Amino acid sequence: MSKHPDIIRVLIIGGDVSAWLPAAMLAARLPKNIYEITVCDTGDGREDTLLARPYICRAHDLIGIDDQALAHDASARPVHAYKVERETGEEICLPFGEYGYPHQGAAFNHYWLRVAQTGQARALADYNLALRLTEAGGFLGKVPSGLPFLDYGYELSRRRYVALLRRIAMQSGVKDDVGAIKNVTIATPGLIENVTLERAQLTPDLTLCFGGEDLPIADQLARIDECLNGFFLETPSGLPGLALHQLQTCTMRLLTFWPSGAFTLAEKTELKRLQKAETDLINDMAALLEYGPEAAKNSRSLRRKCQVYAARGRIPTEDYEVFSKPEWLAALSAGGIVPRSYDRLVDRQSLSESVAFVAQTVARIDQLLDRSKQKRRAV
Amino acid sequence: VSEGGETQRRLTSVIIIGGGTAGWMTAAGLASMLGRTGLSITLIESEEIGIVGVGEATLPHIRFFNETIGINEAEFMRATSATFKLGIEFVDWGRKGDSYIHPFGDFGLAHNGVEFHQYWRKMADRPDTGPIDAYSLPIVACRHGKFQPPSDDPRSVSSTYRYAYQFDASKYAPFLRKHAEARGAIRVEGKVVDVALNKENGDIETVTLENGAAYSADLFIDCTGFFGLLIEKALATGYDQWTEWLPCDRAVAAPSESAGPLLPYTRATAGTAGWRWRIPLQHRTGNGHVYASAFTSDAEAEDALVQNLEGAPLAEPRQLRFTTGKRRKLWNRNCIAIGLSGGFLEPLESTSIYLIQEGITKLLELFPQTTEFADDTEEYNRLMDLEFERVRDFLILHYVATERDDSDFWNYVRTMPIPDSLSQKLALFQTRGRVVRYDHGLFLPPSWIAVMLGQRVLPEHYDMRVDQMNHMDIEAHMTRLRTLMANTVAKMDDHASYLAANGMSGAAT
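Just so you know, the protein sequences line up as chains C and U, in that order. Under my numbering, read the first sequence as residues 1 to 379, first letter to last. Under my numbering, read the second sequence as residues 380 to 888, first letter to last.
Bear in mind the hints are in silico, worked out from the structure with no lab data behind them. Keep in mind that the hints are not guaranteed to be accurate.
Below 20 Å or equal to it, Euclidean Cα-Cα: the simulated DMTMM-like pairs (lysine to aspartate or glutamate) are [unchecked claim]:
1. K276(C) x E454(U)
2. K501(U) x D67(C)
3. K276(C) x E318(C)
4. K375(C) x D6(C)
5. K276(C) x D799(U)
Please read all numbers here as calculations on a predicted model, not as lab measurements.
Generate the whole structure from the sequences, applying the supplied hints.
Okay, structure coming up:
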């Protein structure tokens, strides 16, 4: 087995959170006696609000941020759902929690569909605790098992979140005193030789670029990505929270495939395959939300989702799904798709039993909503 | 319901043709899950036609199937003379003289988000480290002939494995028949002599039996084995052959008397032109030899089987011929092929019954409400194609990851071109022990790690994150794990004793 070099230098180029989330995560996991991480922050210190999906807790666990620190240092506000605005101005709300609960092997929406066909059900959104809480401005955290699954993400102050991540990364030894990026030299094909920065000339073993068109070296990104000691993640999605999500998942994958110097071709190919699969799924959701089922003609996987859902209310999954089934269900419903039939398993109980089950579900959700209101009043 | 000029109506009837393992598993699955939804389930089989009786050895997923349809484990064990199975031993695969076990469980414990085999790789050259087998509870249990059901407590090392069964396939189908009939499935005795298609849409309309009785249904399920009476003979669906990667095309099988202790695992021993299986049941041992007819003769293959039997033979050897591959569409028109009629992958990793089970599970998930089901069909075929292709790659790995050069067969398989998907998996593992992950598909990383390492695909490097822990700490951690595994297994029951003590021993018939 070959020995790895004494010190491995990693350069991260990205703006604000694109630089500091990966830096903090890598610094938390890579042995400090071997790795030297330098950040070139190309950000402009934007002041907007950032959505973090529930999955972010994995990154926060890794770098040691808890809910309290997040609220205190990044003005975090927990959210059970998020809104996406169409170009037409119409808003679609996507939940971080399920619709009702599954019963006898079938998802709740199948029972709802059966009952709705007889005119005895309320709107589907009324059966989603996350959507109801969001509408009412309430919050319940996570609920015990046996109740509809409920999760939450955060709305964060971008500026303060970046400052928090930077502080943690710097405490772990990350450096950022290099100034603005000037140039990346790729002399040998497929290998980055050195990087010229305002206050330093670096010869990194690995150069990671996160972001997109706003990076000052935008014209060099494609070539950097072709190098085995370079990696570029483009995070173009306009959907709330998805750029941050991709940064997180990409960094986790980089950690899993972490090289001792440059990547091998097989590793780079695999990283890119996974990145593409994720981007394709995000693009599917973005297209569905903006254009409705019409968008399916350009994507086989989205076509499948629309067709199978329209046929029987089932949502097929791909490898490496990004969005939860409730998010897809909200988006497909918002696209105007009404399933022609429901899961056959639902017919194992009588219609009156299904009506009772659906009614009990909404009563339980109403009860939880009341509890949240009382809690808010008490606070 | 009328849409686009076509008339849809509620789907009310299913006919299953063929009453082997696939047929009765399907009947039992449908009757248990959908019998109360107004669905009539009829199974037509002929006593004149024998069954292949695939898959005496299974994977842990079978437990979920049995549980879902309400089968009592002890009753099942007694009725099918079943034994427990914790993995598969592969003998002579990487090199002659090698032996490793593909366990139904994890290796060691992940630490700091890094899988255990990465720590093992770092320490592999140290004399105390030993083979990775010592860090897998099911493997240690297999080597000692022990069995105990896993613990439900996720903090316990005893929760790191699962188990399957080895059973008499000729007894499983009759056992399921009782179960299915009790839940409303109807059995019809008879041999299908004619299949009539609808002249307008090409769907199967009726099947006619030798006695002249005709049966029609909304949906037909072809469980007629390799013959593919409906899916191929009637619908001419086509077949994708994978013989270029999996050249074995014949098998010879013979039961023998039990010999030695009752082992909680199946054994697959590589030969000169294929491999031999050994499946210990309560009352006998199932044996077989899968081989490539291009590299050996039937007589030589039979001789290799008989010469290696550990107990006295109980029947004359039986020959089977097959073509590895799958039907181009497993669901074509109103016909679904489940079992050998849908495809065949050699039983090296006990996947035959798993693929039947997946066919049934996915059919249940997508079971149509009406007779209009084109979208369900497409999705079913996509999911089943993924299953078959990912199992295929895993099987090819066993042949290509070898150093054997002692026969034309091994020289061919060792050097044959392989699917790109597998090349990428091999390259990734070879560099740093990474395993390609999918959300769909059967074999999870521990399976890939077991076979890769078992067949001498040793990663060149380990995961750098391992270096966060110093040598001494890793060594101490590994010593603790080895001791924990050994102590836990020491407290387990002997396999045969466990069966007897828990009322699972059946009458030897």
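To see whether the hints hold, each was checked on the structure:
| no. | hint | in the structure |
| --- | --- | --- |
| 1 | K276(C) x E454(U) | violated, 49 Å |
| 2 | K501(U) x D67(C) | violated, 37 Å |
| 3 | K276(C) x E318(C) | holds, 13 Å |
| 4 | K375(C) x D6(C) | violated, 56 Å |
| 5 | K276(C) x D799(U) | holds, 18 Å |
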